[in-house]
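Trainee: Residue-level listing of the chains:
There are 2 protein chains.
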Amino acid sequence: MSLYWSDLVASLTPYVPGEQPRLPDLVKLNTNENPYPPSPRVLEAIRQEIGGGLRLYPDPEAARLKNAIARYYRVLPGQVFVGNGSDEVLGHAFQGLLKHDRPLLFPDISYSFYPVYCGLYGITQRTLALNDRFEIDVDDYLNAPDCGAVIFPNPNAPTGCLLPLAEIERLLAGKPDVAVVVDEAYIDFAGQESMSAIALVDRHPNLLVVQTLSKSRSLAGLRVGFAVGHASLIEALERIKNSFNSYPLDRLAIAGAVAAMEDHAYFESTRAAVIHSRERLVRDLSDLGFAVLPSAANFIFARHPDHDAGELASALRARSIIVRHFRQARIAQFLRISIGNDAQCAALTTALREIVGDPRNESP
Amino acid sequence: MSLYWSDLVASLTPYVPGEQPRLPDLVKLNTNENPYPPSPRVLEAIRQEIGGGLRLYPDPEAARLKNAIARYYRVLPGQVFVGNGSDEVLGHAFQGLLKHDRPLLFPDISYSFYPVYCGLYGITQRTLALNDRFEIDVDDYLNAPDCGAVIFPNPNAPTGCLLPLAEIERLLAGKPDVAVVVDEAYIDFAGQESMSAIALVDRHPNLLVVQTLSKSRSLAGLRVGFAVGHASLIEALERIKNSFNSYPLDRLAIAGAVAAMEDHAYFESTRAAVIHSRERLVRDLSDLGFAVLPSAANFIFARHPDHDAGELASALRARSIIVRHFRQARIAQFLRISIGNDAQCAALTTALREIVGDPRNESP
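Line by line, the protein sequences give chains A and B.
Going by my numbering, 83 is the number at position 83 of the first sequence; the sequence numbering is gapless.
In my numbering, each residue carries its 1-based index in the second sequence increased by 364.
Be aware that a few hints might be false.
In silico lysine to any residue, SDA-like type, Cα no more than 25 Å apart, as pairs [to be verified]:
#1 B/Lys-539 to A/Asp-7
#2 A/Lys-175 to B/Ala-374
#3 B/Lys-539 to A/Ser-2
#4 A/Lys-175 to B/Asp-496
#5 A/Lys-175 to B/Met-365
#6 B/Lys-539 to A/Lys-175
#7 A/Lys-175 to B/Arg-647
No lab work stands behind these hints, which were simulated from the structure alone.
Please take these sequences and the hints and turn them into a complete structure.
Mentor: This is the structure we're talking about:
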């Protein structure tokens, strides 16, 4: 606290990201990074951008990148907004589209940055409980008496559960007067067919879909996120952005992100590998007695009936494996485990087998 | 305007950056970029960072960069904040340190983003007029009856005029109860000796100094800015940042910025070249009859007694030379001209000689 702080500063409860330790031989399964490197075409595109041109400002509109995203999703460039990671895009959406007199609704269990944004921008929030299967029930939102806007991750984080497109469309149609933001950081891992709600933006002017290149494009280190929606929603984000920072994306990030959106083959092969590893990990952990929520993401959310989640996380850490554990009501007995490469998944399974024992080896 | 916009969005008047045209053979003297490329060490450091590691999040604290800046300025790392360009750093400072019940004071002629931030964060502003020589008069601020905080660029933009450190210290000492932000985007061009107010931060807990690597480090395309001040001011910025975007600086930007802060020799030689070119351009334009304000920046602010500034800008544009012209009270007859390399400065001088004529060639 300081004499010089604005009133806001003292009131904030900042977000705490997963730790980023730099230990050798660490099996890092705590921040949902992709186990595979970015596409070689991305690395080459960045290399090509390194030179004297870095003395010049980037294109403030990042038009090349908007065009690449528009081509990929068959929308117009004016339906695309880009930002410095999807967190920046979400921040602008909270300030520009989710702040109203009536409360913003989101699930009680979801991305823990949402209440932080509400604090930053003075947004009234109300959380609606996931059902007993940890799913979003659209009827809860349709029946909410007081609703200024809605946001939820899909698949949800940290549960990994997917809300089907038909349910999202039912929400959009039932609440045409409020903005609905679908935060699709993990949607590319839902399956080989696109499950993105971007397919709905042309029919629903109240829908904004937010995505990131951090996960399925293996570019957490480059900081690029985007949003797709009706041009008037995009204009709101542009007005905020141009009142905050004219050039949020640097030249290297623009070049790399364009290449990432264009290398379809690499994207398809790495996401297939992650999905394949996830399915095997789910089987392996189920065999060890874990209950695993159905995951459409590059992580799983799992609990063991006989072992405390915090103790499991500590035991894994002692074996140089880090996973994420949230000390929060309803989910304190779960671990969120990122899908690693095959060696990392095997190391995790081996470690958990040592810690919890293999029920198939126990005498009846 | 849209049903889905927050009330704020419609009220905004976004900042309009200088245009970034991509025309061949353009002499681009409108956005104060450095005419020299970044240090070769910077380019090599970025190249080294390109690889599979980009799949991993960057260090959210960017500790390497904070350490490099702290070493350069002989302060503690806890006195350093870094962000995605100085515009992002300024945005957080407006929200965290410059918003109070009493108004924020800044010069009537200064960085035109300041009133935009005030609009974005609902900050009450009051502008104080520069004196007739376009200088900041510290007494105006000391005598202001109602002052919640102060911000000004030094050297000022778009005038280029420098406020001496002794005057800044008089302001800091006379207003110990309010935060003072000195926006030093151009300070490195004030002279070979550092004129930065960072020298004052240990004596004045109310001082925050903001700088950028865009200008003197030739890295406008990389988006890195920073602030130095008392640890409690830095904490305010960190609390805002961690409520908005955990990872504003990507891995490549961190790597390049560290190298830029460490390559003292390249930095000294390019800033000396810019200062040298500026001094010659001031002489050449003075010979053509221009009145040029004393500049401590990598641009000059000049007017011609017999030629309308808007018409001069158009005539230059017709010759593929672009400079910046602000249609604003008191300065509508000035041009802001970035210092280019020697060939660009010569092209500008030649073009202006054609347009305004050389008074030395006229008959008495």
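Trainee: Hints first: check each against the structure and report whether it holds.
Mentor: Do the hints match the structure? See the list:
1. B/Lys-539 to A/Asp-7: 19 Å, holds
2. A/Lys-175 to B/Ala-374: 22 Å, holds
3. B/Lys-539 to A/Ser-2: 15 Å, holds
4. A/Lys-175 to B/Asp-496: 58 Å, violated
5. A/Lys-175 to B/Met-365: Given that 25 Å is the threshold and the Cα spacing comes to 19 Å, the pair holds.
6. B/Lys-539 to A/Lys-175: 52 Å, violated
7. A/Lys-175 to B/Arg-647: Between A/Lys-175 and B/Arg-647 the Cα gap is close to 66 Å, so the pair fails against 25 Å, i.e. violated.
Of the numbered hints given earlier, the model fails hints 4, 6, 7; all others are met.
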